[in-house]
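Peer 1: Each chain, written out:
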Amino acid sequence: MEHDFVLWIVVATALAFDFTNGFHDTANAVATSISTRALSPRLAVTIAAVLNFAGAFISLEVAATIASGIVDADLVTPSIVFAGLVGAIAWNLTTWYWGLPSSSSHALIGGVVGSAFVAEGSNAVFGSGVVDKVVVPALVAPLLAFLVGGLAILIAYRIIGRQRPGPVARGFRLGQVLSASLLALSHGTNDAQKTMGIIFLALVANGSLAPDADVPAWVVISAAAAIALGTYVGGWRIIRTMGSRIIKMDPAQGFAAQGVGAAVIMAASHVGFPLSTTHVISGAIMGTGAAKRVSAVRWGVAGNIVTAWVLTLPAAAAVGGLTYAIVALLGSEDVGPIAVSAALLAALAAALGRRLSAGRTLTAEG
Amino acid sequence: MIVLAVDTHLLWQVIWVSLLAGVGISALFSLVILGGARAGDARRAGRPGAAAVYAGLALLAFAAFAAGVILGFRAMITG
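Line by line, the protein sequences give chains D and G. Per this note's numbering, residue 1 is the first one in the first sequence, and the count goes up by one each step. Per this note's numbering, residue 1 is the first one in the second sequence, and the count goes up by one each step.
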């Protein structure tokens, strides 16, 4: 039960990451529904938040944590986890600021890889794990979703033909409510697990829990609440990018993108090849746009998004590594994490103060 | 070589299952909408036989679509 204070700092940081994961990824489930007016913005984020919360309780298989097979678990300490989380949060906030959808999971992996590398050297990082779990899925997900999304919308247009637009639009909007709900539930199930796994790992490393213990109820509830709250706050900048800046979509395209996204994610989960929801939905949106007319896709925006995907791992790793170096410099057991988290809290308070003094709200809407 | 770490069998499985599920789910829901819209048109035009056929098509397509959603949900829970 040593270093309890550091443990609670790690838990709080993990929940902060969970919150950013929620508001960063809200767009995956709701952007197309809001864009095609299938749902009002507030109703869309409310449904997504409730289903993210519910999804977190569906499965509790936290044994396989996010970084397993990527870093050597025996070498991981609470300070490494803390620094990795800071790297992931920093990248999530940066990409949110620029309105760029990027993978929160890859940011978390990048952060932990960077901090483990600085702490223990290259032996702590498994290169093949990074290729298997990050590089290959990052290449496959958008291309596959692009192709399937394009095919799906062409077939949908072919089937619908020249029906009256009113009933067709209403029908596809109704379908979007269902596909958005499925995506939100799936997000809660998959992504809240990562935070639960990180907290569980920290509790075990601290000696507070046995490795074979059940996940405490407070861990499940707090992780579910943090991701749901983040989802409810809504990352509006990313919602705007995914909903209207990549393509201007009609309800059929909105449904095809979301339906294909949900189908690809579930199909990939079924065969044991988890893909990033963000990469899949973004690829599907681009595919449904390009199939209608190649010039319908704003390729400049798409290029910025792809650049963010390429930078996710190295950028989060760099911040994670730098944070660990600072923590170690200050004293890796107690003083380091406390000093770094105090500095980050002060920076956050200053940013919020500037935002309030400029007369803006505390939500992620601006 | 690091590339050899990639399981190509799994990759192909992901590609064809995703293709089938993604295109299938969109096509089925489009058939639901087509059946529903044409059933409404036929009813308004006073053709109850055609309306029943299109309503049947919509119903069948919806049943298949719902089965796909349930299958996907199960995959999500157990996956």
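Incorrect hints may have been included.
[To be verified] Covered stretches of chain G (in silico footprint by chain D; criterion: 3 or more residues with CB under 8 Å from a CB of chain D, positions within the stretch not fixed):
#1 27-38
#2 45-53
[To be verified] Computed from the model, here is a short list of chain D residues facing chain G with C-beta under 10 Å:
#3 F5
#4 L151
#5 A152
#6 T189
#7 V204
#8 A205
#9 G207
#10 A284
#11 V301
#12 N304
#13 V306
[Stated by the list, open to error] Across the chosen pairs, the derived CB separations fall in these ranges:
#14 W12/G / W8/D: 45 to 51 Å
#15 R37/D / A52/G: 30 to 36 Å
#16 L348/D / L60/G: 50 to 56 Å
#17 H9/G / I338/D: 20 to 26 Å
Derived by calculation from the structure, the hints in this document are not laboratory data. Ideal Cβ placement from N, Cα and C applies to all residues, glycine included.
Peer 1: Work down the list of hints and note, for each, if the structure agrees.
Peer 2: Hint by hint, here is what the structure shows:
| no. | hint | in the structure |
| --- | --- | --- |
| 1 | 27-38 | holds (count 10) |
| 2 | 45-53 | violated (count 0) |
| 3 | F5 | 37 Å, violated |
| 4 | L151 | 5 Å, holds |
| 5 | A152 | 4 Å, holds |
| 6 | T189 | 6 Å, holds |
| 7 | V204 | 25 Å, violated |
| 8 | A205 | 28 Å, violated |
| 9 | G207 | 33 Å, violated |
| 10 | A284 | 8 Å, holds |
| 11 | V301 | 23 Å, violated |
| 12 | N304 | 25 Å, violated |
| 13 | V306 | 20 Å, violated |
| 14 | W12/G / W8/D: 45 to 51 Å | 46 Å, holds |
| 15 | R37/D / A52/G: 30 to 36 Å | 32 Å, holds |
| 16 | L348/D / L60/G: 50 to 56 Å | 55 Å, holds |
| 17 | H9/G / I338/D: 20 to 26 Å | 49 Å, violated |
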